[in-house]
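Enquirer: Sequence:
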Amino acid sequence: MANNKIRVRYAPSPTGHLHIGNARTAIFNYLFARHYKGKFIIRIEDTDTKRNVADGEKSQLDNLKWLGLDWDEGPDVGGDFGPYRQSERRATYDPLIQKLLDEDKAYYSYKTEEELEAEREEQKARGVMPHYEYEFAGMTEDERKAAIADAEAKGLKPVIRFRVPKDHTYEWDDLVKGHVSFNSDSIGGDFVIVKRDGMPTYNFAVVADDHNMQISHVFRGDDHVANTPKQLMIYEAFGWQAPKFGHMSLIISADTGKKLSKRDETVLQFIEQYHELGYLPDALFNFIVLLGWSPVGEDEIFNQRQFIKMYDESRLSKSPATFDSKKLEWINNQYVKNSDEDTIVDLALRQLIKGGKLPENPDALTIEWARKLIDVYRPQMSYMAQINEMANVFFEDPELIKGDALEEIENETAPVVLKAFAEKIKELPIFDKVEILKTIKSIQKETKIKGRQLWMPIRIAVTHEMEGPELPESIELIGREKTLKHLQQTLDQISK
RNA sequence: UGCCCGUUGGUCAAACUGGUUUAAGACGUCGCCCUCUCAAGGCGGAGCUACGAGUUCGAGUCUCGUACGGGUAACCA
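In UniProt numbering, the protein residues as written are 1 to 496.
There's no promise every hint is true.
What the hints assert, rightly or not - Pair by pair, the computed Cβ-Cβ distance ranges are:
| # | residue 1 | residue 2 | range |
| --- | --- | --- | --- |
| 1 | D346 | N303 | 15 to 21 Å |
| 2 | E298 | S319 | 17 to 23 Å |
| 3 | G127 | K154 | 30 to 36 Å |
| 4 | K354 | T447 | 42 to 48 Å |
| 5 | I367 | E423 | 20 to 26 Å |
| 6 | G155 | S87 | 23 to 29 Å |
As the list claims (entries may be wrong) - Distance condition first, Cα-Cα at most 27 Å in a straight line; then the derived DSS-like pairs of lysine-lysine:
| # | residue 1 | residue 2 |
| --- | --- | --- |
| 7 | K166 | K195 |
| 8 | K433 | K357 |
| 9 | K259 | K65 |
| 10 | K419 | K482 |
| 11 | K157 | K99 |
| 12 | K372 | K438 |
| 13 | K244 | K177 |
Just so you know, these hints were derived from the structure itself, not from any lab.
C-beta: ideal position from N, C-alpha, C; glycine also.
Given the sequences, and given the hints that come with them, work out the whole structure.
Expert: As structure tokens, then:
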């Protein structure tokens with residue numbers, strides 16, 4: 001049974017790609033809606049025409065879809081409460097603004113940006129919090145009219161400010177943070193609700209839209225806490241009931257300890273980047289949910305359906321969480337190992353092509369070979385793009401062996417093993433993993449060299465790495481010719 | 001600086017309204033095992049209630065203070 005009372009929204013501004021923090025906000029709203037069988041709505045907040053970017057909206061929606069979200073109402077699917085772009089909702093704002101004006105709950109303000117700037121500077125110098133100072137303070141009605149006429153005569157275009165009630169407490173029971181309260185005197189003075197270009201500001205538009213769209217719950221980032229009292233004032237001015245608010249902690253950077261900012265380079269910021277690197281959307285979804293929310297039991301790997309079922313907004317964390325990319329990789333690897341083969345092969349194949357390892361349109365034989373290669377790397381791959389690095393030896397002739405790997409094979413037995421191995425595989429009637437394994441075992445029998453002394457030289461000589469997937473299979477995939485070549489090179493190098 | 005919020009191990013975090021938990025679990029880290037090698041996998045170890053008071057028979061859980069951290073102070077959202 002659907003719950004018509006529960007309506008939540010994700011309201012991005014189309015200023016760029018989908019940021020990981022916003023994705024998280026979207027996901028938690030989505031989970032909430034689906035858990036309670038309510039509606040999930042997307043609304044585009046594009047009142048800042050200067051900051052909107054061309055494909056911003058499309059990119060936001062595409063990435064949300066990629067993460068596996070779907071919505072009941074939105075700019076692309078419509079709905080009964082449209083339009084779903086704020087820029088198209090001017091007609092719904094104007095009468096509301098007029099009402100506020102008529103009731104003197106809002107007024108035209110002529111202070112210029114320069115004046116405001118100077119005001120703030122001066123206040124800062126005095127050590128007080130920067131705030132807007134009422135420009136008609138102490139004036140009689142006539143004086144006020146004169147001041148306005150004067151400003152108009154100078155050609156100044158006004159903004160509209162909301163008259164903030166004096167010394168009034170605004171409070172709410174936050175779904176995440178508990179009880180929060182603000183004194184109206186501490187929020188910075190009368191704030192702008194309509195900009196000079198006639199567009200409403202965010203703080204006004206959200207309230208009007210959330211009310212008109214009958215939004216019941218608002219889950220958003222912690223950075224909106226300070227906006228909430230302003231919005232509450234507007235609800236109050238209209239006599240509307242405010243939705244329930246839940247302010248989720250922010251994701252902070254491990255590097256700076258501050259909220260993830262676009263400039264932070266230690267963490268990939270945008271969903272798109274993970275998409276491109278070949279992360280699995282379900283894994284990313286899983287990881288993001290675990291950031292600031294915890295399930296009841298001890299497991300941590302869940303699919304979307306399970307999350308929807310388990311979701312409980314009271315388990316949202318109050319304190320900020322650090323983005324741990326190591327854990328993301330681990331989660332992704334879990335998914336890589338458990339996804340069906342075709343999905344992984346398809347994604348990894350695309351990375352190999354993108355990385356220039358395989359031709360644009362590989363033939364069937366190549367695909368078959370690649371399938372085996374990808375399969376071999378599945379246990380250790382965390383995201384698909386890694387295969388280009390990991391499997392490099394399959395495509396290019398490696399450079400000289402160095403470092404630990406070189407030390408490992410600079411001994412008496414390594415050349416013995418390598419020579420024997422080279423000799424034997426030349427003769428092999430069938431060059432496959434079974435035969436290769438037999439070959440290695442026969443060397444063990446004949447030379448009495450075993451374990452690490454036996455396997456490491458071969459691995460290093462052939463792959464130049466000390467770690468990697470199953471050796472016999474890897475050697476089969478590299479092929480006899482290249483294997484022999486690598487063996488010879490290595491022998492040359494260590495015998496010099 | 002004002003206002004708001006937070007603080008359990010390196011990281012994410014559990015512990016319902018104060019009372020068996022030796023303070024779960026996961027990532028990471030370390031060690032061991034497995035195996036023909038490394039990885040993967042299995043097993044195990046180390047590691048935390050910021051500090052100081054108070055309330056209470058009893059505090060990670062409540063109160064106050066300190067410290068630290070975050071958010072916010074736009075004609076951005």
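Enquirer: Next, verify each hint and record whether it holds.
Expert: For each hint, the structure was consulted:
no.: 1; hint: D346 - N303: 15 to 21 Å; verdict: holds (19 Å)
no.: 2; hint: E298 - S319: 17 to 23 Å; verdict: holds (21 Å)
no.: 3; hint: G127 - K154: 30 to 36 Å; verdict: holds (33 Å)
no.: 4; hint: K354 - T447: 42 to 48 Å; verdict: holds (43 Å)
no.: 5; hint: I367 - E423: 20 to 26 Å; verdict: violated (33 Å)
no.: 6; hint: G155 - S87: 23 to 29 Å; verdict: holds (26 Å)
no.: 7; hint: K166 - K195; verdict: holds (23 Å)
no.: 8; hint: K433 - K357; verdict: holds (23 Å)
no.: 9; hint: K259 - K65; verdict: holds (25 Å)
no.: 10; hint: K419 - K482; verdict: holds (15 Å)
no.: 11; hint: K157 - K99; verdict: holds (20 Å)
no.: 12; hint: K372 - K438; verdict: holds (20 Å)
no.: 13; hint: K244 - K177; verdict: holds (12 Å)
When held up to the earlier numbered hints, the structure conflicts with hint 5 and nothing else.
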